[in-house]
Amino acid sequence: MQVNETFKPTVVAFCCNWCSYAGADLAGTNRLQYPADVKIIRIPCSCRLNPLFILRAFQRGADGVILCGCHPGDCHYTTGNYYARRRMTLLFSMLDYLGIERERTRVEWVSAAEGAKFAETMNDFVETVTRLGENRRLEDLRCKSE
Amino acid sequence: MQKIGVFVCWCGSNIAATVDVQAVSDALAREPGVVFSTNYQYMCSQAGQDMIQEKIRELGLTGVVVCSCSPRMHEATFRKACEKAGLNPYMVEIANIREQCSWIHKDKLSGTEKAVLLGKAAVAKVHLNTPLTAGESPVTKRALVIGGGIAGIQTALDIAEAGFPVDIVEKKPTIGGKMTQIDKTFPTLDCAACILTPKMVDAAQNENINILSYSEVEAVKGFVGNFTVTIRRKARFVDETKCTGCGLCTEKCPQKKVPNEFNLGLDTRRAIYIPFAQAVPKAAAIDPNYCTMLKTGKCGVCSKVCTVGAIDYQQKDELLEREYGAIVAATGFEPISMDKFDEFAYSQSPDVVTSLEFERLMNAAGPTGGTLLRPSDGTHPHTLVFVQCVGSRCDGGEKGKPYCSKICCMYTAKHAMLTREKYPDTEVYVFYIDVRTPGKNFDEFYRRAVEEYGVHYVKGMVGKVVPENGKLKVQASDLLGGQQLHIDADMVVLAAAVEPDKSARPLATMLTASMDTNDFFTEAHPKLRPVESPTAGVFLSGACQGPKDIPETVAQAGAAAAKVIGLLSKDRLTCNPCVARSDELMCNGCSACEKVCPYGAITYIDKEFRGPNRTTLLRRVAQVNPAVCQGCGACTVACPSGAMDLQGFSNAQIMAEVDAICK
Amino acid sequence: MNHMTEIVTRISGVNPRKCMKCGKCTAACPAYDEMDYHPHQFVDMVETGRLEELMNSRGIYMCLSCFACLERCPRSVEPAKLIEAVRLAVVRQQGRNHLKPEQIPALLDPDLPQQAITSAFRKYRK
Amino acid sequence: MTYSYFPGCTLKTKGRDLDIWGRAAMEALGVELRELPQWQCCGAVYPQAKDEIAVRLSAVRALASAGELGTDLVTLCSACHHVIKRVNRDMRTDETIRSRANTYLQLETPYAGETKVLHYLEVLRDQVGFDQLQKRVVKPLTGRKIGAYYGCLLLRPSGEMEFDDPENPSILEDFLRAIGAEPVVYAMRNECCGGYTTLENKPYAVKQAGRVLENAASCGAEELITACPLCLYNLQVNGGGKLPVRYFTELLAEALGVKEGAV
Chain Y
-10 MQVNETFKPT
0 VVAFCCNWCS
10 YAGADLAGTN
20 RLQYPADVKI
30 IRIPCSCRLN
40 PLFILRAFQR
50 GADGVILCGC
60 HPGDCHYTTG
70 NYYARRRMTL
80 LFSMLDYLGI
90 ERERTRVEWV
100 SAAEGAKFAE
110 TMNDFVETVT
120 RLGENRRLED
130 LRCKSE
Chain F
4 MQKIGVFVCW
14 CGSNIAATVD
24 VQAVSDALAR
34 EPGVVFSTNY
44 QYMCSQAGQD
54 MIQEKIRELG
64 LTGVVVCSCS
74 PRMHEATFRK
84 ACEKAGLNPY
94 MVEIANIREQ
104 CSWIHKDKLS
114 GTEKAVLLGK
124 AAVAKVHLNT
134 PLTAGESPVT
144 KRALVIGGGI
154 AGIQTALDIA
164 EAGFPVDIVE
174 KKPTIGGKMT
184 QIDKTFPTLD
194 CAACILTPKM
204 VDAAQNENIN
214 ILSYSEVEAV
224 KGFVGNFTVT
234 IRRKARFVDE
244 TKCTGCGLCT
254 EKCPQKKVPN
264 EFNLGLDTRR
274 AIYIPFAQAV
284 PKAAAIDPNY
294 CTMLKTGKCG
304 VCSKVCTVGA
314 IDYQQKDELL
324 EREYGAIVAA
334 TGFEPISMDK
344 FDEFAYSQSP
354 DVVTSLEFER
364 LMNAAGPTGG
374 TLLRPSDGTH
384 PHTLVFVQCV
394 GSRCDGGEKG
404 KPYCSKICCM
414 YTAKHAMLTR
424 EKYPDTEVYV
434 FYIDVRTPGK
444 NFDEFYRRAV
454 EEYGVHYVKG
464 MVGKVVPENG
474 KLKVQASDLL
484 GGQQLHIDAD
494 MVVLAAAVEP
504 DKSARPLATM
514 LTASMDTNDF
524 FTEAHPKLRP
534 VESPTAGVFL
544 SGACQGPKDI
554 PETVAQAGAA
564 AAKVIGLLSK
574 DRLTCNPCVA
584 RSDELMCNGC
594 SACEKVCPYG
604 AITYIDKEFR
614 GPNRTTLLRR
624 VAQVNPAVCQ
634 GCGACTVACP
644 SGAMDLQGFS
654 NAQIMAEVDA
664 ICK
Chain D
6 MNHMTEIVTR
16 ISGVNPRKCM
26 KCGKCTAACP
36 AYDEMDYHPH
46 QFVDMVETGR
56 LEELMNSRGI
66 YMCLSCFACL
76 ERCPRSVEPA
86 KLIEAVRLAV
96 VRQQGRNHLK
106 PEQIPALLDP
116 DLPQQAITSA
126 FRKYRK
Chain E
111 MTYSYFPGCT
121 LKTKGRDLDI
131 WGRAAMEALG
141 VELRELPQWQ
151 CCGAVYPQAK
161 DEIAVRLSAV
171 RALASAGELG
181 TDLVTLCSAC
191 HHVIKRVNRD
201 MRTDETIRSR
211 ANTYLQLETP
221 YAGETKVLHY
231 LEVLRDQVGF
241 DQLQKRVVKP
251 LTGRKIGAYY
261 GCLLLRPSGE
271 MEFDDPENPS
281 ILEDFLRAIG
291 AEPVVYAMRN
301 ECCGGYTTLE
311 NKPYAVKQAG
321 RVLENAASCG
331 AEELITACPL
341 CLYNLQVNGG
351 GKLPVRYFTE
361 LLAEALGVKE
371 GAV
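Residue numbers (my numbering), protein chains in the order written: chain Y, -10 to 135; chain F, 4 to 666; chain D, 6 to 131; chain E, 111 to 373.
Bound-form chain Y, shown alone:
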């Protein structure tokens, strides 16, 4: 497969405040490198992630979206990540139906102690998304100007 060397994907990472955002901070503290294409948005819990946010990201040209939360059983709010997991399963199958490759979305559990896992996950995800190339843009037909 041909890989466009200059293609820089836009990757949005939603991180829960308690585990994954702290995990991302830890990756930074340990100077673990991952591509600058990843931009993190802090949310209080993975269950705060409204599927609409992901659709919006794909509408606006994101090439990949990843949700990181606490490990099952370790949610700061006890059960939030379970809700997130169920919601994302449904959303991902819908995205698949819409023609967005399954690999462009991902859910990972990253604890506050897993700086290395965070960096590895991001490296792997960006590599996957880069390999897939530019995403087709989700468009809301009602909003189309012509």
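None of these hints come from the bench; they were simulated from the model. Note that the structure is predicted; figures quoted are calculated from it, not measured. For every residue, glycine included, the Cβ atom is placed at its ideal position computed from N, Cα and C.
So the derived label-pair ranges between C-beta atoms look like this:
no.	chain 1	residue 1	chain 2	residue 2	range
1	D	N7	E	A164	25 to 33 angstroms
2	F	D398	D	N61	27 to 35 angstroms
3	F	P353	D	P115	43 to 51 angstroms
Okay, derived cross-link-like pairs now, DMTMM-like style, lysine to aspartate or glutamate, Cα gap no bigger than 25 angstroms in a straight line:
no.	chain 1	residue 1	chain 2	residue 2
4	F	K111	Y	E116
5	E	K226	F	E401
6	F	K425	F	D493
7	E	K255	F	D345
8	F	K343	E	E270
9	F	K409	F	D345
10	Y	K(-3)	F	D662
11	F	K425	F	D270
12	F	K224	Y	D63
Knowing the structure of chain Y, use the given hints to seat chains F, D and E on it.
Leaving out everything else, chains F, D and E in the frame of chain Y:
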């Protein structure tokens, strides 16, 4: 339109080395609504904070964006600074350009580009921020300490001393914990019982302390300042208030074959027992697994001999529900099981013991009355081999623990020294990987064991122990001597790794407190908040947070008590204002949000609304209790009508961030 | 990294840097007395690149492949795999077979299971 | 119950007894062991090097052929079990080895470690059940004090063999109890007997076999059992006859009353 000020921090060279801070502040200056943008060496310094405050006053800023380190580090600092200058603290947003940018990207060009984007997202968010005011909640002025070892006792005593009532919940029939089983303490060699038991008595006599022994925490509800805890008081079949602790029943009980857990099974006790002479409360308990009366209904000896009528075979478990303002976890540790380490023949020979068992064998109140005898044949051992790091410092797998258990080097030196002191005719070998003795007078202690007491310290490990003809043939490496040693030993003592008590994990789940992969409680900050759990109102004391010796445990116990006292001395607590809010006009009363709320913060009320033609109609709408809501946002996604939103992380705010990043 | 160290770590899939020098491998080794270098030294010599000495040592043929070192290593360093890799690095070189077919008849014993010969061939020659 | 059976080369020659009694006993227990139609020597030692493919192939062939028959694969010799079990794991977990082996073999269906490999003793413990075995014993070995000799290959590396506790195994002791004997636990039962070096360094093999037997005898064992032809040879020949050493299948056949007819 907001008037936004942007402040880009260099963090010395931490940010400035890989991010062109000037370019960032220049780029952000061109964002809509930004009226001021600058960069400075240390935004968090007094001078930096002064600059922000000055600009708020001078330009009448309505929003502030600080591009700096993680909000987990200094969000509170900047919010406080802005509040002092008259800006609502929730009008501040942090763009994390250190941990999530400058520290992970080496290329300055892409680092700068990303920093600009993160700054833009923060600016976009601030545009939609609204001033928030924190609510308040009352504080129940009573603390719960879970675990009655030295950590729990010290924490409780310190809290009680400050005048607040404390309950200690202890799962065993007596408080005291592991320290009661220890013979002498390093590096001073004073007797553990002599320093611990007076503290146990103090706890029992302190009118602010209520000891709930033989009890376990069953459920925890609520939040900081307002916990409701269900405690199971297990049936001890003895009325604690009547029992005088005379011990007659424990002499007359015909069931003599019960392994004595206090002596780690090295001897036996009766089915009705007082764990040890100085137990607190000094009251007997019946072991239902062994009591003939409870199992078959035939016996009743203890009831007949008890002069105060304290025996009650009908006693049932009892559930208590109590309110607390703060909870301290002090669940302590256990030595790991030696099941997976049978290369040391622990299961094959009674003369291979763990260090805690060795404590009992050396203790005057132990099974041998303080004379060191081999458990197999009761003879005096001449050659003893101590093995350190059994199960500590192992990499992964279920076999051992990845961490250093911290206390083993010192207690092994203590055991070796005491053995040589009491029995000069013995040869004592200690096999070590490293001797770790950082602590006051610790290394001196270890050196004394070598130099004055002639303990043979050998750098190396034991690879196999073979029991043969009454001896333990120890095969070991002597790395400095370059040889494989074969020692015919009489006893082998294993310094087993320590692990958190098994009750810690379910407790952490109840408390929603976080744990590391080894089941130690995680502290809120590894350096700056070492005795607090990240969950507000939950504090950590002793070895449940990590391996610790007694002085460290007591120090941490006191520190945890100080934090609890600080909390309980407040009458009201400021709540997190970033909580869910329901738009009553949009709410259709479907209950979807109520079902996903883990805190029960959402209730429904029937509210009057103005209908058409001057009618009024009652509609069922959701209401969030801001003191109970913790702000997870589960309800906001569940809400089908879009009525529920989270303040500080609203749908619009997050969408604005998404838009700023993807374009 | 030294070229031979690289070959040996690749063949074995072992990371000698995980070793914490506790010496449990050497303590567990039943063939200690037969060896000139010992398990913990094997690991150290691979890590520090002293492969030449190791490849010329008699000890590498004395390893029983009993996996006691591997089983009991607290850091999953697996010295047995390193030793096998060093042995292979030797016998894969032309003319460095440790066992030659013409040696066999003299070693035979009527009761010897052929498993012993097969395994010796597998281990000591290419 | 029907299993594919891989006897291995030694069990066809010098270790014939292990095989004959093993089959007779399983037949008596109503378990069918079907010898694989075509099998080759497993190689006798597990190739630890990650880049050795050729020497893994005969094990893969046996595994794939059992897989085609849709049966679990039973082995009896410790060495064969060790090799086949570990190669199977490689095929399951190591992508490089899997793809290279499949490229070599050109099997109709590529093999990826699907076959379950069982040791004869695991069949006895988990399929027949030691309690059931006990009921089928006609001549219990009452009063015989027997030490189980495990050796190294059955147990280690425990993470891959998943056979029993590597430092405190119990399967052979439980087996001995089931056939009415009194098991003797001794620490050297999982230490190597030195059999591999019998060609290279006979004096050492003699010394190490002696250590094992000495320890077993001192703990009260009057005879030893093993599942490995090389261990048996080494303990018998190099051990100097201190204790009788037998295959465990011999005692099993004896207890089930099928020993005489089998030979």
